[in-house]
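Participant: Sequence:
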Amino acid sequence: MMVMLDLSAAFDTVDHDILLSVLDQNFGTKGLAKSWFDCYLRPRTQSVQVGECISTKSTVHQGVPQGSCAGPVLFTAYASTLYHTISSHLPEVMGYADDHAQNLKFKPGARQHAIEKLQLCIAEIQEWMTCNKLKLNESKTEFIVLGSPYFLQKLPPVLLKIGYAHIEPTQSVRNLGIMFDANMTMTKQISSLCQSTHFQLRNIRRIKRYLDKETLRHVVRALVISRLDYGNLLLFGATEHELDRVQRLQNNAARLVCSISKRDHITPTL
Numbered sequence: 000m001m002v003m004l005d006l007s008a009a010f011d012t013v014d015h016d017i018l019l020s021v022l023d024q025n026f027g028t029k030g031l032a033k034s035w036f037d038c039y040l041r042p043r044t045q046s047v048q049v050g051e052c053i054s055t056k057s058t059v060h061q062g063v064p065q066g067s068c069a070g071p072v073l074f075t076a077y078a079s080t081l082y083h084t085i086s087s088h089l090p091e092v093m094g095y096a097d098d099h100a101q102n103l104k105f106k107p108g109a110r111q112h113a114i115e116k117l118q119l120c121i122a123e124i125q126e127w128m129t130c131n132k133l134k135l136n137e138s139k140t141e142f143i144v145l146g147s148p149y150f151l152q153k154l155p156p157v158l159l160k161i162g163y164a165h166i167e168p169t170q171s172v173r174n175l176g177i178m179f180d181a182n183m184t185m186t187k188q189i190s191s192l193c194q195s196t197h198f199q200l201r202n203i204r205r206i207k208r209y210l211d212k213e214t215l216r217h218v219v220r221a222l223v224i225s226r227l228d229y230g231n232l233l234l235f236g237a238t239e240h241e242l243d244r245v246q247r248l249q250n251n252a253a254r255l256v257c258s259i260s261k262r263d264h265i266t267p268t269l
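Counting in numbering that gives the first Met the number 0, the sequence shown runs from 0 upward without gaps.
Honestly, the hints are just simulated from the structure, not real lab data.
Just so you know, these numbers come straight off a predicted model, no measurement behind them.
Don't take every hint at face value.
Keeping only pairs whose Cα atoms sit at most 27 Å apart, straight-line, the calculated BS3-like set for lysine-lysine is [as the list claims (entries may be wrong)]:
#, residue 1, residue 2
1, Lys153, Lys207
2, Lys33, Lys104
3, Lys160, Lys134
4, Lys116, Lys56
5, Lys160, Lys106
6, Lys116, Lys153
7, Lys104, Lys116
8, Lys160, Lys139
9, Lys104, Lys56
10, Lys106, Lys153
11, Lys132, Lys106
12, Lys139, Lys104
13, Lys134, Lys116
14, Lys139, Lys212
15, Lys106, Lys187
16, Lys29, Lys132
17, Lys187, Lys104
18, Lys212, Lys261
19, Lys106, Lys116
20, Lys160, Lys104
21, Lys132, Lys56
22, Lys116, Lys132
23, Lys207, Lys261
24, Lys160, Lys132
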C-alpha cells in the first residue's frame, strides 16, 4: 500500500524561524552560514503587475523561493523531523521536497491492521504539520494498493480515513514523476512518457529551421533524452512491446537531430 500526501502551498508556508532553528540544531548550520540563509530568506518583498500597473511592495514573512536550487533543499531540511515521525510507524518512507510517499506491506488477512497503522501515522503527520505551520490537503491525498491481479481480486474493499475525508484507492498514482499502477506494470508510465515526449518533439520540429545543429542537439538532450533517462531503471521487466515504444521515441529524436527520413535505417546513427 502506498499513500501519497499532498501539502497545500507547501513552499509558501515555511516558517523562517522554524527553518533556521532546524538548520542550526539538526544540521549544524551556525555562524556565518546561518546568517547567509537568514539573509537569503528575509527580508523579501513581492508586488503584482497587471498590464502597466504595479502594486506597492509587500513584505513576505514566510516561504522559500520556488524555482531556485535552494528551495527544494531547504524544504527537505524543514521536513527532516517529519521523517522521524513517520519512521516510528512505517519502515519505508520516500520523499523529496514536498512530495512524500508512505509504504506499508501487508498480507490479505492483515488489511484492517495495516489501514489502522497508516491512519495513526497520518494523524501524527497532521499534528506535526500543525506545529510546523503546514497543511495536509486531505481531499487531494491519494493511496493505491499494489499487488498481483490475484492478490487484488481476493482483497476486500479498502477505505482510508484521513481527517474528515474518506479516500478510496486509485488505480494509478504519480510518485516523484513516475506513474505506478496497481499491478506494478510500466504501461501507464510509458504511455505518459510517449505523450510528453511526442509533444516536445513536435514543438522542436517547428523551430528546427531556426537552430544550428549543435543547438538542436542540446535542446533535444534537455527536453527529450532527459525524459527517456529519468527513472529508466524501472523499465527492467517491461514487455518487449513497451520497450519498443520507448525505443521509437529515441529513434525519432535521432532522426530529428540528424535529419534522417523515416524510410532510412536509424541503427547506424544511434
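Participant: Look at each hint and say if it fits the structure.
Facilitator: We went through each hint and held it up to the structure:
1. Lys153 <-> Lys207: 53 Å, violated
2. Lys33 <-> Lys104: 40 Å, violated
3. Lys160 <-> Lys134: Judged against 27 Å, a Cα distance of about 17 Å means the pair holds.
4. Lys116 <-> Lys56: 47 Å, violated
5. Lys160 <-> Lys106: Holds, because 20 Å separates the two Cα atoms, which is no more than 27 Å.
6. Lys116 <-> Lys153: This hinted pair holds, its Cα atoms lying about 21 Å apart.
7. Lys104 <-> Lys116: 11 Å, holds
8. Lys160 <-> Lys139: 13 Å, holds
9. Lys104 <-> Lys56: Not OK: Lys104 and Lys56 at ~51 Å, beyond 27 Å, violated.
10. Lys106 <-> Lys153: 11 Å, holds
11. Lys132 <-> Lys106: 36 Å, violated
12. Lys139 <-> Lys104: 23 Å, holds
13. Lys134 <-> Lys116: 21 Å, holds
14. Lys139 <-> Lys212: Outside the cut-off at roughly 44 Å; violated.
15. Lys106 <-> Lys187: 26 Å, holds
16. Lys29 <-> Lys132: Given pair Lys29, Lys132 holds - Cα atoms ~23 Å apart, limit 27 Å.
17. Lys187 <-> Lys104: 23 Å, holds
18. Lys212 <-> Lys261: With a Cα-Cα distance of about 19 Å, the restraint between Lys212 and Lys261 holds, given a limit of 27 Å.
19. Lys106 <-> Lys116: 14 Å, holds
20. Lys160 <-> Lys104: Cα-Cα ~18 Å, so holds.
21. Lys132 <-> Lys56: Distance of about 24 Å is within 27 Å: holds.
22. Lys116 <-> Lys132: Since the Cα atoms of Lys116 and Lys132 sit roughly 24 Å apart, the hinted pair holds (cutoff 27 Å).
23. Lys207 <-> Lys261: The hint holds at about 17 Å.
24. Lys160 <-> Lys132: 22 Å, holds
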